[in-house]
Amino acid sequence: MHEILERYLKYNQHASSYTWKYDGKVLDMDKTLEENGIRDDDNDFDRLKMRDDSYLQSIMLYYNDDLTEA
0 MHEILERYLK YNQHASSYTW KYDGKVLDMD KTLEENGIRD DDNDFDRLKM RDDSYLQSIM
60 LYYNDDLTEA
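Residue numbering for the sequence shown follows numbering that gives the first Met the number 0, starting at 0 and increasing by one per position.
Be a bit skeptical, because a hint or two may be false.
Said to hold, decoys possible - The list that follows gives simulated cross-link-like pairs (lysine-lysine, DSS-like), each with its CA atoms no further than 27 Å apart: (1) 48 <-> 24; (2) 30 <-> 9; (3) 48 <-> 30; (4) 20 <-> 30.
Claimed, not checked - Label-pair ranges, simulated between beta-carbon atoms: (5) 13 <-> 48: 38 to 48 Å; (6) 54 <-> 25: 14 to 24 Å; (7) 12 <-> 44: 30 to 40 Å; (8) 47 <-> 16: 37 to 47 Å.
Bear in mind the hints are in silico, worked out from the structure with no lab data behind them.
By construction, the Cβ of each residue, glycine as well, lies at the ideal position given by its N, Cα and C atoms.
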């Protein structure tokens with residue numbers, strides 16, 4: 000998760016001020032996507048001969064108004 004956060008910081012310097020959630024649950028930024036319960040479904044799509052962009056999982060970001068400065 001930290002890798003994703005680092006890449007996102009170039010687009011939003013306040014990215015650390017957000018609560019990151021998936022499926023209504025707060026994500027642990029010290030864990031990987033898989034450890035946070037976000038599976039990589041590409042193998043299932045391959046097995047079913049489906050396009051892997053048919054369904055994209057979303058991580059929701061909720062802004063914490065903590066008055067941080069960039």
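Legend entry - Given pair status - residue 30, residue 20, alpha carbons within 27 Å: holds, 13 Å
Legend entry - Restraint status (C-alpha distance of residue 48 to residue 24 at most 27 Å): violated, 30 Å
Legend entry - 27 Å limit on alpha-carbon distance, applied to hinted pair residue 48 and residue 30: Distance of about 30 Å is beyond 27 Å: violated.
Inset, instruction - Indicate whether the distance between the beta carbons of residue 47 and residue 16 respects the range 37 to 47 Å. - result: holds, 39 Å
Legend entry - Satisfaction of hint between residue 9 and residue 30, Cα-Cα up to 27 Å: Status holds; Cα separation ~21 Å.
Inset, instruction - With respect to the beta-carbon atoms only, verify the hint that residue 13 and residue 48 lie 38 to 48 Å apart. - result: Holds: the Cβ-Cβ distance is about 42 Å, inside 38 to 48 Å.
Legend entry - Whether the CB-CB distance between residue 12 and residue 44 falls inside 30 to 40 Å: holds, 35 Å
Legend entry - Cβ separation of residue 54 and residue 25, checked against the hinted range 14 to 24 Å: Given range 14 to 24 Å: holds, Cβ gap about 23 Å.
Comparing the model with each earlier hint shows violations of hints 1 and 3; every other hint is respected.
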